[in-house]
Every structure is written in C-alpha cells, then in structure tokens.
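Protein chains: 4
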Amino acid sequence: MLRVGVIGARGYTGAELVRLLCKHPDVELTYLTSESQQGISISAIYPSLRGHIDLACEAFDVETACAKADLFFYALPAGEAMKSAGALLAAGKRAIDLGADFRLKDPERYRQWYKGEPAPAELVSAAVYGLPELYRGQLREARLVANPGCYPTSAILGFAPLLAKGWIDPASIIIDAKSGVSGAGGRSTMKPEYSFPHINDNFRAYGLVTHQHTPEIEQEFARLSGVNAPVQFTPHLVPMTRGILMTGYASLAREADTPGLLAEYEAFYADAPFVQVLPEGTLPETKYVVASNQCHIGVRVDPRTRRVIVVCAIDNLMRGAAGQAVQNMNVMCGFPERHGLDLPALYP
Amino acid sequence: MLRVGVIGARGYTGAELVRLLCKHPDVELTYLTSESQQGISISAIYPSLRGHIDLACEAFDVETACAKADLFFYALPAGEAMKSAGALLAAGKRAIDLGADFRLKDPERYRQWYKGEPAPAELVSAAVYGLPELYRGQLREARLVANPGCYPTSAILGFAPLLAKGWIDPASIIIDAKSGVSGAGGRSTMKPEYSFPHINDNFRAYGLVTHQHTPEIEQEFARLSGVNAPVQFTPHLVPMTRGILMTGYASLAREADTPGLLAEYEAFYADAPFVQVLPEGTLPETKYVVASNQCHIGVRVDPRTRRVIVVCAIDNLMRGAAGQAVQNMNVMCGFPERHGLDLPALYP
Amino acid sequence: MLRVGVIGARGYTGAELVRLLCKHPDVELTYLTSESQQGISISAIYPSLRGHIDLACEAFDVETACAKADLFFYALPAGEAMKSAGALLAAGKRAIDLGADFRLKDPERYRQWYKGEPAPAELVSAAVYGLPELYRGQLREARLVANPGCYPTSAILGFAPLLAKGWIDPASIIIDAKSGVSGAGGRSTMKPEYSFPHINDNFRAYGLVTHQHTPEIEQEFARLSGVNAPVQFTPHLVPMTRGILMTGYASLAREADTPGLLAEYEAFYADAPFVQVLPEGTLPETKYVVASNQCHIGVRVDPRTRRVIVVCAIDNLMRGAAGQAVQNMNVMCGFPERHGLDLPALYP
Amino acid sequence: MLRVGVIGARGYTGAELVRLLCKHPDVELTYLTSESQQGISISAIYPSLRGHIDLACEAFDVETACAKADLFFYALPAGEAMKSAGALLAAGKRAIDLGADFRLKDPERYRQWYKGEPAPAELVSAAVYGLPELYRGQLREARLVANPGCYPTSAILGFAPLLAKGWIDPASIIIDAKSGVSGAGGRSTMKPEYSFPHINDNFRAYGLVTHQHTPEIEQEFARLSGVNAPVQFTPHLVPMTRGILMTGYASLAREADTPGLLAEYEAFYADAPFVQVLPEGTLPETKYVVASNQCHIGVRVDPRTRRVIVVCAIDNLMRGAAGQAVQNMNVMCGFPERHGLDLPALYP
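Protein chains in written order, with my numbering: chain A, 1 to 348; chain B, 1 to 348; chain C, 1 to 348; chain D, 1 to 348.
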C-alpha cells in the first residue's frame with residue numbers, strides 16, 4: 001500500500017481526492033493538510049465521509065509530510081505548490097499538482113496570464129503534463145505531474161485527434177465552454193456572485209478573452225498540430241454543481257464527414273479506458289459523466305459551413321481535477337489505470 | 001406623489017422594495033441608503049434596474065433622510081431600525097421596519113430570543129404589527145409599522161381563521177416551514193453554507209427549537225386565540241431562490257370537515273385582495289405565488305387522526321417582506337391596497 | 001380598450017401572454033382558446049392567475065373569434081396559424097403569430113427546414129417580421145406580424161449594429177446559444193428528456209447543424225449586411241426555467257476596439273426602450289432580464305484573435321416570445337411602447 | 001459469483017440497481033428486462049453505463065429468467081411482482097421486490113390504500129420486510145424480501161429507537177417528509193407536473209392524508225411499539241433530483257434530553273454500517289448522503305413543548321430503494337454487508 005497525502009484537503013478538489021483515495025485499493029491515505037482546519041477530522045468537515053475515514057487535518061510541513069507519506073496531491077491555489085514541491089522531490093517523494101504551477105512550459109506566458117512569478121525552471125521542465133491519453137509513456141517515469149486544468153482537459157481531449165492528423169485549421173478554433181459552479185473552488189463560492197440566489201436559474205459568461213486556461217490550451221494544441229495559433233476561449237457558468245460541456249468549432253482543412261471523423265476518434269482513443277466516443281445519434285450530456293472519470297465526445301461535420309463541431313463532457317472535479325489526478329497516480333505507480341475510478345456516472 | 005426612501009437598499013429585501021416602488025403609481029423613490037455602496041447607482045449594483053431608476057445610494061443620515069422623503073422603509077438587520085426610527089417619527093415622518101425591532105410586544109421575549117436589548121418601549125407600543133388582514137384598521141392610523149417576518153406571515157395567515165374561532169387546540173400546533181434561500185438575506189449568502197454548490201440539490205432543516213420567528217408566531221397566535229401556548233416551529237432550506245411553503249398541523253378542538261373549514265376561510269378572507277383560499281382539489285405551490293403578493297392557502301381535515309393540516313404558500317421577498325410592506329404603506333396612506341402589487345405570479 | 005384574444009392559451013407562451021395582457025392598460029382580454037381545456041377557466045389551469053382573470057378557454061372557431069375580439073395572438077405549433085390567419089385578416093382583424101409560419105420569406109427554405117408546406121404567399125408577403133428595433137415603421141401599418149423566434153431575437157439584436165455597418169465578416173459568424181427549458185414549450189416538456197431529474201444539474205447541446213431557427217437568423221443577417229452567408233448556430237439547454245444567453249463570435253472586417261463598438265451599439269439602440277448596452281466592465285446575465293422585456297448586450301474585441309464576441313441576454317418567454325408580441329401590438333396600435341411591459345426583471 | 005437479474009431495468013430504480021450490481025464484487029449481472037426497450041443495450045439507454053456493462057434488455061419471461069439468473073430484483077409498479085414471484089420461488093430462485101406488493105401483512109389495508117387485490121397470502125407471509133437494521137436475522141434465511149418504501153425507510157430508521165423503548169407517545173407522531181423528484185419514478189416524470197419548468201424553483205406538498213406509504217409506516221411503528229396508532233404522514237416534493245429529509249415530531253412519554261436520546265440511538269445502531277447518528281451540533285442534510293447507502297440521523301428534545309424532533313436523511317434511490325435492496329441481498333447471501341455499497345456520498 002502506497003502512503004499518500006492530500007495537501008489542501010478542505011477545498012472541493014481536496015475533498016474529492018479524499019473521497020476517491022479513501023477507497024482506492026492500492027493506497028492508504030495517511031496525511032491531510034488544511035491551514036484553517038488544523039486538528040479537525042475531515043469527516044467532521046464533510047459529514048459525507050463519516051464511517052469512511054477519520055483523519056485530522058494538520059498544517060502543512062515538509063518534514064512531517066515526508067515522514068507520513070510517499071506521494072502527494074497538491075490541491076492549492078496557483079503559486080503554492082511551487083514553494084515546496086522541490087523539497088518533496090529532493091526527499092525522494094512524488095507529487096501531483098492539481099493547480100497551475102507547472103503546466104505552462106514558457107515562463108513568459110505564465111507571467112503574462114497569471115500575473116506572478118513562474119515556478120523554478122527545473123521543476124517546470126521535470127513536470128509531465130498529466131493528460132494520460134497523450135503522455136502515458138512519460139507519466140510512467142514522472143516524479144512531478146502537472147495535472148491539467150478542467151477546461152483544457154475537455155478542449156484537448158476534444159480536439160486532439162483532429163489536430164494530430166491535420167483535419168482542421170488551428171487558427172480557426174473557438175472553444176465555447178460551460179462549467180458547473182464547483183469549478184470555481186470552495187474559496188470563490190464565498191463571494192456573493194457564487195451565492196445560491198445569484199447563480200440559481202442564472203447563466204452567464206465570464207473571463208472573456210482573459211481566462212488563464214487559454215495559454216494552457218494553446219500550448220497543447222501547438223504540441224499536437226505543430227502550429228502556434230491563438231485560440232478563442234470563452235467560459236460560462238451553468239447553474240449546476242458539477243460538469244463541463246465544451247462546444248468547439250473549427251474550419252475543416254480538408255474534406256471530411258461525420259462518420260469518417262468518428263472513426264478517427266475511435267482509433268485515437270482505442271486504448272483509453274476513460275474516453276467514450278459517442279455514436280452519431282447521441283450527443284454528450286454532463287449528467288452522463290458526473291461522478292465518473294469518463295470523458296464523452298461527440299463530433300459533427302456541418303457541410304453548409306465546412307466546419308466541424310466537437311462536443312465534450314466531463315465532470316470538472318473528476319476528469320477535470322481529482323479523478324484525473326488519481327488516474328495519473330495509477331499510471332505513475334503501475335497500478336491498473338481504472339483502480340479507484342471504475343464507477344459509472346450517477347444518473348439521474 | 002409621496003416621497004419614499006429605502007434604508008438599506010443593497011440587500012435582497014431592499015432591492016425588492018426598489019423594484020416595486022420605482023413603478024408604484026402613488027410614490028416617488030427619492031432616497032436610498034447603503035453604507036457599503038455610497039455614491040453608486042442602484043442600477044449599477046442591480047443591472048435589472050437599468051432603464052427604470054438611476055438613483056445613487058448614500059450613507060444613512062437622519063437629517064438628509066428627513067429632507068428627502070416622507071415615508072421610510074427599513075431593510076436592515078435586527079437592532080438597527082430602533083436606533084433612528086424615533087428621530088424620524090419625531091420629525092413627523094412615517095416608517096415601516098422590515099426587521100424584527102418592533103414586532104415583539106414583550107421586551108423579555110425579545111431579550112431571550114434575540115440576545116440583545118429591545119427597542120424603546122414607546123416605539124414598540126406605537127408600532128402596529130403589519131399584517132393587513134388582521135390589523136387593517138390600526139394600520140390606517142399607524143406612523144410606525146412592524147412588518148411581519150416571512151415565516152410568521154405564512155403561519156398566521158394560515159392559522160388565523162382556525163384560532164379566531166376555536167377550531168383547534170393551540171397547544172397542538174406544529175409549523176413545519178420550508179423557505180427558498182433568498183430568505184437568508186444577501187449578507188448571509190456569503191457564507192459557504194449558502195454557496196450554490198452546497199445548497200443546490202440539497203435540503204436541510206435549521207434553527208431547530210431556537211428560531212427567532214417562534215415568539216412572533218406565538219404572540220400573534222395568542223392574540224387570535226386568547227391562549228398562551230408554545231408553538232413548535234421548524235424551518236427548512238429549499239434549493240430554490242424564492243418562496244415559502246408552510247405545512248401546519250393542529251388537533252381539532254371540535255368536529256370539522258374539509259368543506260366546512262374551507263368555507264370558514266373563504267368568509268374570513270372575503271375582503272382580502274391578497275389571499276386566495278384554494279378549492280379542495282388544489283394544493284398551494286410556491287411557483288404559483290412567486291413574484292406576487294398573494295398568499296395561497298389549502299386546508300384538509302384528516303378524519304383518521306382528527307387533525308387539520310394547513311398548507312400556505314407565499315413569496316418570502318414579496319408577501320413575506322417587501323410586498324407586504326408596500327401593502328402596509330398603501331393602507332397607511334389611503335392608496336388602493338393593490339397599487340404597485342397588482343401582478344400575477346411569474347409562471348413558469 | 002382593444003379587445004384581444006389568445007389562440008392557444010394553455011402552453012407556456014399562451015400563459016405568458018395572458019399574464020401580460022390581463023394587466024395591460026389599453027386592452028381587454030376577451031377570448032382564450034385551448035382545444036384540450038375547453039370550458040375550463042385559465043385561472044383553474046394556472047392558479048397564479050386567480051384573482052386576476054377568470055375567463056374560460058374554448059375551442060378555436062373563426063366566427064366566434066371575430067365576434068369576441070379584434071386582435072389575436074397565435075401561440076400554436078408551426079403550421080397552425082397559417083390555417084386561419086387569412087380568415088381573420090379578411091374579417092378586418094389583426095394577428096400576431098408567435099410561431100414560425102410567416103417568418104421565412106423564401107418558401108423553399110421553409111420546406112427544407114420545417115419539412116412542411118409553407119403558408120400562402122400572400123400571407124407571407126403581408127407579414128412584417130416583428131423585431132421592433134428593425135421594423136418599427138412597417139409594424140405601425142402591419143395587419144399580420146411574424147413574431148421572431150427566441151434564439152433569432154437574441155442573435156439579431158446582438159449582431160445588428162455590426163452587420164449594418166460592415167464591421168464583421170458575415171461568413172465567420174458563430175452563434176453559440178443557451179436557453180432555459182421553458183423555451184421547449186409546455187408540450188415538449190412531457191417528454192422524458194425534459195423531466196426534472198434528467199434536466200436538473202445537466203447541460204447539453206441539441207439540434208446541431210439542423211435547428212430551425214438557423215434560416216431565420218440567416219435571412220435577417222442577410223437583410224442587414226446585404227450578404228448571403230451560412231451561419232453556424234448551436235443551441236444548448238440550461239438547467240433553468242427562463243432565459244437565453246447568446247454568445248456570438250465573428251471575425252472583424254476592419255480595425256475595432258471595445259469602446260468604439262460599444263459606442264456604435266449605443267447609437268444604434270439610442271431610441272430602443274427595451275435594449276440595454278452594458279458598459280465594458282459588465283457582462284449580461286440572464287437573471288438580470290428574467291420576467292422583463294429587456295435585452296442586455298455586452299461586446300468585447302479580442303485583439304489576439306481579431307474577433308469580436310457579442311453576449312446577449314433575454315427572457316425567452318418575454319423578449320423571446322410574449323413580451324415582444326405585446327411590444328409589437330403596442331407599435332401596431334399606437335399604444336406607448338412600454339405599456340404592459342414596464343417592469344424591472346425579477347432579481348434575485 | 002451469483003447470477004442476478006433486474007426485472008424492470010429501465011426506470012430510475014432499475015437503472016440504479018444496474019449501476020450498483022455491475023460493480024458488485026460477488027455477483028454477475030446476467031439478465032435485464034424492459035418491455036419497452038427489448039433488444040436495446042442498457043448502455044444505449046443510459047450512456048452513463050457505456051464502458052461498464054453492455055447487456056441488452058429483453059421481455060420478462062419466467063423460464064428465461066430461471067435459466068439466466070438465480071436472484072432477482074423487481075423494479076416494477078405495484079401489482080406486477082405478485083404475478084410471477086411465486087413461480088420464481090417455486091423454481092428455487094430468490095427475489096427482492098422493490099415495489100409494494102409484499103410489504104403490508106394485512107390484506108385489508110392493502111385493498112384500502114392500494115385500491116387493488118393483494119398478493120397471495122403465502123407470498124406475503126413468506127416475505128421478510130427488508131430493513132436490515134430491524135430484520136437482519138430473518139433476512140439471512142429469506143427467499144422473498146419486501147424492500148421498504150423510501151419514505152418508510154426514513155421514518156422507521158428515524159423513530160425505531162424511540163418506539164422500541166417507549167420514549168414517545170405513538171399516537172402523537174407526525175412525519176413531515178420531503179423528497180427529491182426521482183422518487184416519483186421514471187414513468188411519472190413524463191407528466192407535466194414533473195417537467196423541469198414546473199418543478200424547478202417550486203415546492204409543494206402532495207398526497208395529503210392519502211399517501212400509500214402511511215399504512216407501511218403504521219405497520220412497522222406498531223411492531224416496534226406494540227401499539228396500533230394512526231400516523232400523520234405528509235410528503236412534499238423538493239426541486240432536487242435525489243434525497244429524502246424526514247422531519248418527525250412526537251410527544252415525549254417520559255423525561256428526556258437530547259444527549260440522552262442521542263446515546264440511545266448510538267446504542268441502537270452500534271452494529272449498523274449504514275446508519276450515522278450525528279452529534280448534537282450537526283443536523284442531517286441530503287447532500288451528505290446522496291449517492292451513498294447511508295442514513296444520517298439527528299435528534300433534538302424541545303423542553304418548551306416536551307416534544308422530540310427527529311431529522312433523518314437518505315438517498316431515495318439508494319437507501320430508499322436500490323442500495324437497500326443490494327444490502328438485503330448481501331445479508332441474504334452471506335456477502336459482507338458493505339459490498340457494492342462502500343462509497344462515500346458525492347459532495348458537493
């Protein structure tokens with residue numbers, strides 16, 4: 001049994017990690033941190049965990065961490081993991097950062113979009129981008145993983161087969177994404193604009209032309225296509241708790257039809273246990289992936305406009321955060337990729 | 001045109017007052033206060049008001065208030081209105097307090113349930129409890145009105161005909177009430193337990209055996225029945241924005257059947273423009289009163305248990321707060337009782 | 001007082017018309033039809049209307065209709081209004097069709113997208129497209145109005161200033177629209193995919209590349225720009241009752257920045273009582289327009305991609321259907337344009 | 001591996017059984033029936049099951065059933081299981097009925113409340129009421145199990161410790177219960193009153209004084225207390241998908257305080273893996289049990305009214321239906337009671 005720790009157990013992402021890890025057959029959850037909840041059991045904070053785990057949160061401390069666990073999940077705001085990840089690695093530990101610290105390879109782009117200092121270059125270059133469908137080989141050897149953002153996960157899984165084979169013009173891509181509110185994190189939900197009366201029965205766009213997931217999407221699109229191009233990315237807030245639906249548009253670079261592209265996707269994801277390419281008659285809905293690590297993808301060619309439309313659904317806390325982090329751990333540690341994640345979505 | 005002001009325009013209740021008053025045919029809204037939003041137009045805070053009213057909030061000040069308006073609505077937390085209402089009255093102004101400061105006639109009960117000092121006795125005794133169906137006569141002469149709490153409004157309108165005529169045992173009454181989240185006020189909704197991810201798809205009870213609306217219900221029940229008796233009151237939080245449904249239980253004090261009691265209700269509320277007694281085949285639903293000042297009431301006798309069940313639906317921000325305050329103003333000022341409130345509920 | 005009738009009062013659009021018309025100062029609602037609810041009062045079907053209107057539904061019949069009212073609203077599925085509108089006009093009556101029968105000027109496009117026979121050519125050519133901001137002059141003389149679809153209303157109001165002045169490339173336009181569920185109509189909501197457990201906490205796209213509002217948008221975009229171009233239109237279903245948010249993308253045809261384009265919008269809509277152009281710091285949210293006839297518009301230029309993003313919010317049952325129909329009636333009949341519609345949105 | 005079948009796989013309860021059983025370590029799901037979906041794979045009906053199970057539904061047939069599986073779950077409307085359960089038992093099979101056919105021991109009460117003919121007496125008397133906390137011993141030998149209703153599960157678990165020890169007056173019990181909409185079943189949700197626009201942001205009571213779960217609650221309360229007494233039971237519909245919160249009221253029969261009663265509950269449920277008695281500072285919320293088989297219970301004594309208030313939360317599709325059925329199967333078959341159910345609730 002691998003001993004694992006969650007640094008930042010109190011937020012939604014941390015709580016989701018605890019929910020998954022406390023039932024994972026190959027690990028033992030031995031270390032939880034929360035600066036604001038020191039000494040309080042995680043099952044007192046989240047009564048949903050009563051009867052499953054009774055472990056108190058403590059303040060983060062590198063030495064204690066190293067004594068108590070061997071692999072760590074960071075579930076902290078941007079800028080935090082970079083402060084201590086080096087020390088954990090130096091002690092021979094492994095780490096998966098669910099934040100943004102190690103995702104962008106170009107320090108300039110980090111400064112520009114995150115308005116802060118990037119992580120040390122040696123950590124960034126050691127970090128493997130944790131999208132198993134694209135980087136499974138490197139992840140097997142990784143000691144530090146940059147777990148992808150929730151929106152980028154949906155966008156990259158949705159467009160990877162098209163970009164990798166040159167089906168579309170990279171400069172034409174528009175990502176219109178819609179997320180449930182838990183994507184904003186436990187902290188943000190204390191702001192009035194995340195209160196129930198404001199969000200309920202309301203729909204809005206936010207972060208137009210400035211959202212920090214934009215350069216992450218552009219980086220991975222460029223790696224896939226070999227072309228640097230700006231991506232139009234617009235996120236929206238849906239009055240629901242979990243789930244992301246990405247609707248992506250791109251102009252075709254050559255003749256294509258829906259069945260042909262679906263076959264491309266089937267081939268591309270043939271070995272992926274957590275991607276489902278839906279048949280032509282079915283479109284993804286977030287409810288069919290919620291509480292699971294699955295990514296559902298639908299594709300349509302519009303012959304009138306010569307565009308392809310890609311629709312992709314994930315659970316933002318699972319495939320978009322904690323679930324994918326556990327999947328990455330499974331790959332890093334040689335556990336079966338489905339372990340701890342082999343559950344159908346919760347419907348209805 | 002009567003010049004009116006809203007003291008505390010920023011909260012949900014204040015915003016609802018502004019929404020109603022800016023279209024009321026007999027008044028002009030001339031004064032808005034908000035300590036945190038000084039100098040900012042109410043339509044910049046609430047874009048829903050763009051094109052309807054463009055009046056800036058200012059800090060509350062008795063002198064300015066008296067210069068700018070003649071009737072005031074207090075939409076502030078408990079303990080605030082009592083600080084300045086005396087000065088407004090002394091200047092010949094009238095006031096309607098949507099908070100709890102003047103509701104309880106017994107200062108001991110105020111201390112006990114609100115854990116604070118009650119309002120000056122002369123203000124409390126001058127204040128008329130603003131439930132127009134019970135106090136219409138006194139309201140015509142009132143200079144200070146204690147606008148009822150949202151839960152008490154639903155409980156008192158629901159049980160008044162039974163208590164006034166001795167149909168039920170007052171000691172047997174149980175009020176199981178359910179409210180939408182806007183009842184918690186704009187301020188409370190910044191707490192994590194009012195965030196969308198926590199409230200959405202969740203249902204809970206709160207304030208068991210300690211909710212501050214209990215003594216208010218007991219006071220009015222005692223006035224109606226002539227008997228002092230404790231009332232069991234349990235509020236719950238419903239994942240919806242607006243609306244209260246009260247389900248009340250009481251043991252019958254004498255033989256009764258459903259049609260007979262419905263006839264009693266019809267007679268009791270014959271002159272009330274904002275109470276609808278529903279026929280036997282129909283039960284109240286909050287959606288049929290939301291955005292209106294209506295109170296819908298259903299009644300059933302259970303011959304097996306010899307109890308009567310009363311179901312009552314209101315919009316907590318309308319009949320439970322701002323709408324009823326405008327209705328009170330209409331009665332106080334001799335305006336037609338429906339003015340500014342004559343709108344069907346928003347369905348669906 | 002103009003006598004008006006609603007043909008198809010039972011559906012959501014019909015009920016919304018009744019809600020508005022029963023309080024409109026210039027009209028009297030004298031005729032309601034519903035084939036399934038003959039003899040039943042509209043306030044028994046919708047208890048929200050109790051105390052406001054007590055008029056029974058009857059089966060539609062041209063002769064009775066002509067005897068009872070002088071202007072009619074059709075709130076029926078596609079293909080129905082075309083059967084009797086000619087007879088009403090011949091009798092000297094006026095009609096506003098909230099369905100699709102008279103919207104498309106080209107009969108071929110109707111056949112292609114609606115898979116049915118178009119309305120008689122003389123009716124189609126007599127019909128004025130009921131978007132008052134574009135056709136106010138013609139509406140003043142109109143005897144038959146084709147009330148726009150909900151999605152087209154948001155798309156056309158959103159893009160009109162850009163198309164009319166050549167700011168964008170018409171062939172580049174992508175409309176990613178999101179609607180509350182009441183847009184599906186009362187009838188559709190009996191299907192399992194509109195049940196609460198399926199919709200709640202769920203988000204999905206539908207009608208990809210085939211939605212019937214596409215040719216309507218294209219027709220009006222072509223009239224504005226002078227260029228025929230296919231439009232990419234994708235609707236989505238949001239777990240909320242009312243509201244549409246349209247996010248539109250287009251490539252700039254010449255240099256532009258956000259303040260400049262906002263000034264264009266302000267000028268274009270200077271005389272429109274029901275359009276609000278939001279300042280740069282504010283984006284539309286559906287909750288700020290629900291229950292009102294307002295259309296809120298936000299605009300941003302993305303210098304990285306040389307695209308403009310337009311965000312537009314309306315209430316699909318108000319500005320997207322019944323509210324706009326009343327606005328059209330006001331223009332047709334010379335009533336003040338705000339009459340019966342002068343209400344702020346319901347927030348929260 | 002035990003071969004199991006689900007008769008009626010298409011409804012919400014059936015789908016939930018499939019979701020649980022396809023991952024249960026001790027069983028193999030070998031037989032699914034649906035009259036309306038013959039030949040269609042369950043993962044085509046519910047895309048959430050893609051990648052987990054690919055088994056086609058077939059028409060129910062006793063002979064095929066007996067050939068394909070050894071234990072059956074009935075997830076059918078009342079009156080259906082009684083038609084074939086005898087044949088399955090005669091063939092040596094075991095069955096768990098999630099409907100109402102075998103719950104009421106008194107045939108007269110069945111006729112009275114269900115308006116139909118009761119099941120054959122020998123089946124009723126063979127059936128064990130499937131509440132493991134009360135009937136674990138009998139369940140070990142059971143060949144036919146009557147799985148409790150969702151509301152009765154919450155009421156009985158909530159009041160059992162008080163009734164068993166004579167703490168309360170059985171005639172005083174009032175059950176005010178609130179359920180998410182999935183409790184109405186997949187079939188009912190096609191009615192307009194279960195459509196999203198009607199349910200969303202709406203709250204209502206239903207089935208006043210006539211709900212069919214009343215006699216089931218009364219039967220089990222009588223078994224626990226030894227006293228026959230009518231129970232007041234009122235269900236409500238909450239705008240959420242899953243979850244039941246029961247608020248129960250009873251007059252104390254002897255002196256008691258909250259800590260004392262909590263200790264009684266702790267003792268009563270000491271061996272129950274799926275009941276959590278919450279400490280005094282915490283009240284149950286449905287969100288902390290959703291997607292789990294847990295039952296959360298809170299208890300408060302009100303010294304003012306000499307009543308006890310019990311609050312109990314379950315997931316209606318899990319502990320109130322499919323989860324409890326799997327728990328019953330585990331007990332019947334000697335599997336560990338937690339198998340297939342050992343998951344924390346989904347929060348948020």
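Source of the hints: derived by calculation from the structure; they are not laboratory data.
Certain hints may be false.
Just so you know, same-sequence chains aren't split out, so a pair can sit in one copy or run between any two.
To be verified - Pairs of lysine to aspartate or glutamate residues, derived as EDC-like cross-links and limited to a Cα-Cα distance of at most 20 Å, are as follows: (1) 23 to 63; (2) 83 to 193; (3) 83 to 61; (4) 23 to 342; (5) 68 to 141; (6) 165 to 337.
Going down the list of hints, with the structure as the test:
no.	hint	verdict
1	23 to 63	neither (26 Å within a copy, 39 Å between copies)
2	83 to 193	neither (31 Å within a copy, 31 Å between copies)
3	83 to 61	within (12 Å within a copy, 50 Å between copies)
4	23 to 342	both (11 Å within a copy, 8 Å between copies)
5	68 to 141	neither (23 Å within a copy, 46 Å between copies)
6	165 to 337	neither (26 Å within a copy, 51 Å between copies)
The structure is inconsistent with the numbered hints 1, 2, 5 and 6, although it conforms to all the rest.
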